[in-house]
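Asker: Required output: the full structure, derived from the provided sequences and hints.
If you count the sequence shown from 1, position 96 lands on 95 in numbering that gives the first Met the number 0, and the numbers rise without skipping.
Accuracy of the hints is not assured; some may be wrong.
Claimed, not checked - The calculated lysine-lysine pairs, modelled on DSSO-like cross-linking and capped at a C-alpha distance of 27 angstroms, are:
#: 1; residue 1: Lys34; residue 2: Lys19
#: 2; residue 1: Lys77; residue 2: Lys106
#: 3; residue 1: Lys19; residue 2: Lys77
#: 4; residue 1: Lys77; residue 2: Lys34
#: 5; residue 1: Lys34; residue 2: Lys106
To be verified - Restraint ranges, calculated between C-beta atoms of paired labels, are given here:
#: 6; residue 1: Arg86; residue 2: Glu49; range: 26 to 32 angstroms
#: 7; residue 1: Asp40; residue 2: Ala20; range: 18 to 24 angstroms
#: 8; residue 1: Asp61; residue 2: Ala122; range: 28 to 34 angstroms
These are calculated hints, taken from the structure and not from any lab test. Glycine is no exception: its CB is placed at the ideal position from the N, C-alpha and C atoms.
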Amino acid sequence: MSGSGRDGIWLLDDDASMLKALGRLLNSAGFTVEKFSNPSDFLSELERQECRVAVLDVWMPDMNGLEVQTCLRRDSPKTRIIFITGRDDPSVRQAALDAGAFGFLAKPFEDEVLVQLIHEAAAV
Numbered sequence: 000m001s002g003s004g005r006d007g008i009w010l011l012d013d014d015a016s017m018l019k020a021l022g023r024l025l026n027s028a029g030f031t032v033e034k035f036s037n038p039s040d041f042l043s044e045l046e047r048q049e050c051r052v053a054v055l056d057v058w059m060p061d062m063n064g065l066e067v068q069t070c071l072r073r074d075s076p077k078t079r080i081i082f083i084t085g086r087d088d089p090s091v092r093q094a095a096l097d098a099g100a101f102g103f104l105a106k107p108f109e110d111e112v113l114v115q116l117i118h119e120a121a122a123v
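Answerer: Quick look at the structure:
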């Protein structure tokens, strides 16, 4: 992101404890992150700044992660998307990957796996 000093790593999860834990994990791995608890705030911020890597929960009220992915593909096609979910549905996984997701992780996952995936996505 030009001049902001931010990594452009965004987290979207309606679970406040998961959002906090992911934020701490990624901060300790050296990333600067933006955290969002609802899709509308996430998408509004997209109008103001760039998102390089989005880590999205699949199942959220109002708008699910796949719907957010559709908006990102339209409004920020260079953004790399990594999904995380507590309910791993193979058809949802396949739909996300077919629509261009960079990765898809089922909770619980190893911290190092997510950190490595974000490093890979940010490098593309």
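Asker: Run every hint past the structure and note whether it holds.
Answerer: Taking the hints in turn, this is what the structure says about them:
| no. | hint | in the structure |
| --- | --- | --- |
| 1 | Lys34 x Lys19 | holds (8 angstroms) |
| 2 | Lys77 x Lys106 | holds (26 angstroms) |
| 3 | Lys19 x Lys77 | holds (26 angstroms) |
| 4 | Lys77 x Lys34 | holds (19 angstroms) |
| 5 | Lys34 x Lys106 | holds (18 angstroms) |
| 6 | Arg86 x Glu49: 26 to 32 angstroms | holds (30 angstroms) |
| 7 | Asp40 x Ala20: 18 to 24 angstroms | holds (19 angstroms) |
| 8 | Asp61 x Ala122: 28 to 34 angstroms | holds (32 angstroms) |
The structure fails none of the hints (numbered hints given earlier).
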